[in-house]
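Asks: With chain C held as given, fit chains F and H onto it using these hints.
Protein chains in written order, with this note's numbering: chain C, 1 to 166; chain F, 1 to 106; chain H, 1 to 563.
What the hints contain is simulated information worked out from the structure, not anything from laboratory work.
Here are the computed distance ranges between Cβ atoms for each label pair: (1) C/Glu-5 x H/Gly-490: 54 to 64 angstroms; (2) H/Glu-110 x F/Gly-32: 21 to 31 angstroms; (3) H/Asp-35 x F/Gly-32: 20 to 30 angstroms; (4) C/Gly-20 x F/Glu-36: 48 to 58 angstroms; (5) F/Val-82 x C/Glu-5: 50 to 60 angstroms.
Values in this document were obtained by computation on a predicted structure and should not be read as measured data.
For every residue, glycine included, the Cβ atom is placed at its ideal position computed from N, Cα and C.
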Amino acid sequence: MPLIENGRIGEDAWSFIPDGEPVPNDRPVIISFERWQAERDSFDGRNAKLGVRLKSGTLAGAIAADLDRFALVAVEFAKFRDGRGFSTARELRERYGYTGEIRAVGHVIPDQYLYLVRTGFSSVEAPEGTNPDSWANALTEVTIAFQPSLDDTAPLSLLRRKLKVG
Amino acid sequence: MSAKDRSKEGSMKAITANRLRDGEVVFLGEGGVWVESFAEAALFPRAEADGVLAPAKEKAEREQFAVDIYAFEVVEQDGVPVPATMRERIRTAGPTVRLDLGKQAA
Amino acid sequence: MNHIAPGARAGIYHYDEIDRQFVAERVEQFRKQVDRRLSGELTEEEFKPIRLMNGLYLQLHAYMLRIAVPYGVMSATQLRKLSAIGRRYDRGYGHFTTRQNLQYNWIKLEDTPAILHELAEVDMHALQTSGNCVRNVTTDPFVGAAKDEVVDGRVYAEILRQWTTMHPEFTYLPRKFKIAISGAESDRAAVRIHDVGLLARRNDKGEPGFSFYVGGGLGRSPFVGKLVREWVAQEDFVAYLEAILRVYNQYGRRDNIYKARIKILVHELGLEKFTQEVEEEFARLRGPKYRLDPEIVEGVRQHFAPPPFEELPDHSEALERAKAADPAFANWLAVNVAEHKAPGYAIATISLKPAGGIPGDATCDQMDLVADLAERYSFGELRVTHVQNLVLAHVKKDDLYDLWKRLDAAELGSANAGLIGDIIACPGLDYCALANARSIPLAQAISARFADPLRQRTIGELGIKISGCINACGHHHVGAIGILGVDKKGTEYYQITVGGDPTLTTAIGDILGPAVTETEAVDAIEAIVDVYLANRSDESERFIDTLKRVGHAPFKERIYAAD
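Just chain C, with the same shape it has in the complex (with noise of 0.2 angstroms):
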């Protein structure tokens, strides 16, 4: 499936494995965080990049202690309309500091990217044929903003602002 970063569509170097397949260690994998919970010694001493994914229920606080293990973050969307995702995402970089890769895969449309961009996202995992030039539009149609971003650091004294994307 397409990668989309920093509006374009980009390598993946990544691979999710599905529970019960074996994990490949000389290659960058994810694994799903029921797995992780199942078998994390079995991890232990692994020296490929490992990333875990998050079902759209599980909310950033239940992998927090374990962030130092991953290189990526995949926070599944189960449909676009369920916004919980922009929230994990958000709380893995605010509160728990999270400075790796955070990938929306599931269902997101290009419409949302900017608020995944603007919520701590790295990446999105699109669905074939999708239209890479509404992804690209979608991060410089907008260049306004009425809220800080995540990485800034003003106060929300500044209301509005022009955004840095795109």
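Replies: Just chains F and H, lined up with the frame of chain C:
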């Protein structure tokens, strides 16, 4: 006797939708053509309606022509077919409180 | 874009270049989204939340477009634009809603980007008037004018309007989210039936702060908002709301649309546990980054500076003469005019409830007239109330008689604000895709039955509120008399409740008995009124007070005796 009771026997169904680009209420007419007037809507025996609905819905959605496509009950009143429910009567005619608006005004 | 200044003296938030650029960008964004829908790139499922967040619903006959009137205040220029849009793209009228907005009923999807473009010319939009996001923040329709005002709710409503606009985290909430602010001693904004209701007040030092009520709402499971925090200082105003929204976004139910509002979360978690979650989140959100800077509050406040009132004596000879000479005017004055904080001025309610009329509807001609009158008599500004009327908030007492004569000539002079003819009704099955029964015909029949203005005044304060389905857009639960339309095997029936109250003493009404037909409903309302008049201790005892004192029994007996 309520509309529902009356419709149990020998009643028919019509197929309706809202046109995507303007929201206009439309009905499936003869030969699969969508029409704006209920008087031109095709009527299907209850048992056949679902079989007509599925492909009509698929086609109208694929062509981005209409949304909210479904079948509704039609009964005969004084020899004229009318929708069985108040909701569909209002959709075929217009608001009961503004007789100057909607299809009834045309 | 052809920008038209919306009126410098109106008490609205005046856009600057950045605000205008933002709205213009959003219009262009929606234009592209419509194109992507028509081309099939966006499915209807994907497009629906997008169009809803731009105010566009699909109703029974066409699309319905709901325009945001921020906290219900607009300028005469803006109202004229709404009228022009109604003529050009709709059918010559609009409908004012209980959320202080305006909606058109006959809109085409393909026209919508052009309509939004025209709205942007007068600094208006339809953003977030629908969808599972934070909706238009409402406040007291007498804001900035009422004698009992403590804090100007517009200032904080505007701060929230900005902060919630396209909020990246809170635009796909479990369900819609409605906020109301009241800054006066009497609650004219029904704060405790909102997802978040804010009572603005001042502490001993005169500093503004807020009581937060959470989890109010009507619909299938009505709840009165519960007090979550007695005092939130101004600087924490946004942070506290953010904590509430984050808890709701994470824990609110998404498995059942009827259980997705925050009221159900508060109910299921319990007030204590919910409050604890919010307080934990809030404790983390304190600090400079989340502080609402007083300078910004001041900056917003300057937009709402009082208009240049003249120094006038409070007593108006002209008014007294007119009152003595014209009993119909005297009646309107007693019923529709409220006290103003500036001497010599008054607040005039324009009733959109003529006897037998459609509650909340105004023709484009009427809108143009009200715009003219607002310019002539009220600094070019007007308000929309949550009971679907309009208000000219700053009218000189000397001008009231002239104002009323002009209103009356355009069927806008009904003297029934707060009385039995001042009925709230949702659009019901005549327009709405969700409705089970019609609301408007019943409202028309009741207001026609009680058309006599003196009879209405004799009956006194009595709010009737009608909804055509359990979603309760007509606020029936909090009507002194509430009416809910239901469908029984294809026939419309109406269930009557009594004892509801939308003010600070908020109460949900009780069902009086089995549902009745439309004709029976009008007779039943009249019977209820007769029982009240026969039982009230004196003329000053309001309907709901008599009801409390004598109970339901006499009313039930009278209505259902024949069964």
